[in-house]
Amino acid sequence: MKGWIIPVSLLILAEAFARIHGIASDSLASPSQILVAAWEILLDGSLLTRASQTLLAALSGLAIGGGLGLFLAVVLGLVPPLARLLRYPIEAFRPIPSIATLPIVLMIYGFGYRMEIAVIAFACFWPVLIIGQSAIAGIEPRLIEVSRVLGLNFFGRATKIALPAAMPRLFLAFRQAAAVSLIVAVTAEIAMNPQGLGFELMAAQSSLRPQVMFAILLYVGLIGWSLNALLLALQRRLFSFAAAAKVSA
Amino acid sequence: MGVAPFRAKLRSAGAAEPIIALSEVSLWLGGREILQDVTLALGRGEFVCVVGPSGCGKTTLLRLMAGLLRPDSGSVTYNGRPVTAPANDVALIFQDYTKALLPWRSAAGNVSLALEARGVRKADRRPQILDLLEKVGLTQHADKFPGQLSGGMQQRLQIARCLAQGPSVLLMDEPFGALDAMTRQGLQDEVLNLVASSGTSALFVTHDLEEAIYLGDRVIALHPNPGRVAQVFEVGLPRPRDQLSTRELPAFLKLRRALFDFVQEHEH
Chain A
1216 MKGWIIPVSL LILAEAFARI HGIASDSLAS PSQILVAAWE ILLDGSLLTR ASQTLLAALS
1276 GLAIGGGLGL FLAVVLGLVP PLARLLRYPI EAFRPIPSIA TLPIVLMIYG FGYRMEIAVI
1336 AFACFWPVLI IGQSAIAGIE PRLIEVSRVL GLNFFGRATK IALPAAMPRL FLAFRQAAAV
1396 SLIVAVTAEI AMNPQGLGFE LMAAQSSLRP QVMFAILLYV GLIGWSLNAL LLALQRRLFS
1456 FAAAAKVSA
Chain B
603 MGVAPFRAKL RSAGAAEPII ALSEVSLWLG GREILQDVTL ALGRGEFVCV VGPSGCGKTT
663 LLRLMAGLLR PDSGSVTYNG RPVTAPANDV ALIFQDYTKA LLPWRSAAGN VSLALEARGV
723 RKADRRPQIL DLLEKVGLTQ HADKFPGQLS GGMQQRLQIA RCLAQGPSVL LMDEPFGALD
783 AMTRQGLQDE VLNLVASSGT SALFVTHDLE EAIYLGDRVI ALHPNPGRVA QVFEVGLPRP
843 RDQLSTRELP AFLKLRRALF DFVQEHEH
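Protein chains in written order, with our numbering: chain A, 1216 to 1464; chain B, 603 to 870.
One chain only, chain A, in its complex shape (with noise of 0.2 Å):
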């Protein structure tokens, strides 16, 4: 209840103070205005349009760039000879600003949505090979002894014993992943690719009409809290046994 007091009282002032002053400004809206534009937006269907383009594309690089990060940081892990082999190629590699590729990758794939998921599966592919390989590192030695002591195949102690004990730090490399989609996206569509909110949010500013600027913000933030808090409940629910751990002890 007490986290609400700041905000609340912020907006009740900034509307105050747009009433007050009858302010007319090409930057700035008064919270009722930006309110009505992101009711208008969501009615007149722009924003679902523009929103499953920003959400199709950041989830199609996530997957892409997530899934190729999974399956080298697995085999990097199990196979430490070409890790170290691999490690000064990754060193260099990952400080590039995923949208300094932009231009690069636009020559090769030209506007649309290629582009754009090439530059978010750059990004999510180095979170999740940088964590996942920590993530198999940090697997409890035991638990491959126990598997060889039990005679399980190379494939059964992949996805039986590395994948399940490397499963909830591989989870928390997806939802950093996931942060970083979203802002690639939207950053990307805002750099040069003509689609998406990010599109919109040009759109809107150089048309003059800062109310629909701040309501699609608005509606980013809420995009990424969602994806966030879906992530956190699945994470939940695919982890239950550490959970109940906690419980009993």
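No wet-lab data here; the hints were simulated from the structure.
These numbers come from a predicted model, not from an experiment.
Note that the Cβ used here is the ideal one computed from N, Cα and C, for glycine as well.
Certain hints may be false.
Here are the simulated distance ranges between beta carbons [claimed, not checked]: (1) A1444/A - S752/B: 34 to 44 Å; (2) T686/B - L1300/A: 23 to 33 Å; (3) V1294/A - S675/B: 24 to 34 Å; (4) E736/B - I1311/A: 52 to 62 Å.
Selected chain A positions facing chain B (in silico; Cβ < 8 Å) [as the list claims (entries may be wrong)]: (5) L1358; (6) E1360; (7) R1363; (8) L1365.
Put chain B on the given structure of chain A with help from the hints.
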């Protein structure tokens, strides 16, 4: 059941027909000699305990027998063949049950893992799992996760998983070291019963001298730094053993005295 004479017969044959044998085994780890010229044998159907201070290579000895380690020199044989990798009918019970159990699998799921590794078909697993959980008294807890079980129950669960391997040899690495005295005594008797009823050979590592005498047919004492066999004590106490009366037998007390004296003498 006639288990006792049957076991006695096997024991006398034990020396002649070892199931696992180490011959002049030496092992170095991280530039340190852990084991030096260790020669010992586990007879078929025999229950051997290994005692010794920390740093005497007890755990390393077990890992060699389990095929998790290879010796630098000398040989480890199982049924007369050199051990190169873990055999699926040699089971190893770890002391740290919290680390050895899969926390994301229920009790039944943990037992199932051993059956899956053996390639038991899905339809055949359930009855075997329930049977094994009943053997260790965990029937009521089949669907609980390890984190929801007490320490004693978790160790029972690990024992059930090892039994699911259908082992000919049970290797145990201080399995009850982390448990309280009452739980420990209960589990000692359970292990003796399980071993007696299945005819499994057992090698039991412990630092508790009384536990070693109570359980074993023989007690092997090791020297530390580097680990080597110091002395072998024949136990020869009657079976089945009983927590109260066995521990009061003059032969038990005499052995206890001998072992304690031995350890004191070699403390430094």
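(request) Check each numbered hint against the structure and report the violated ones by number, ascending. (result) none
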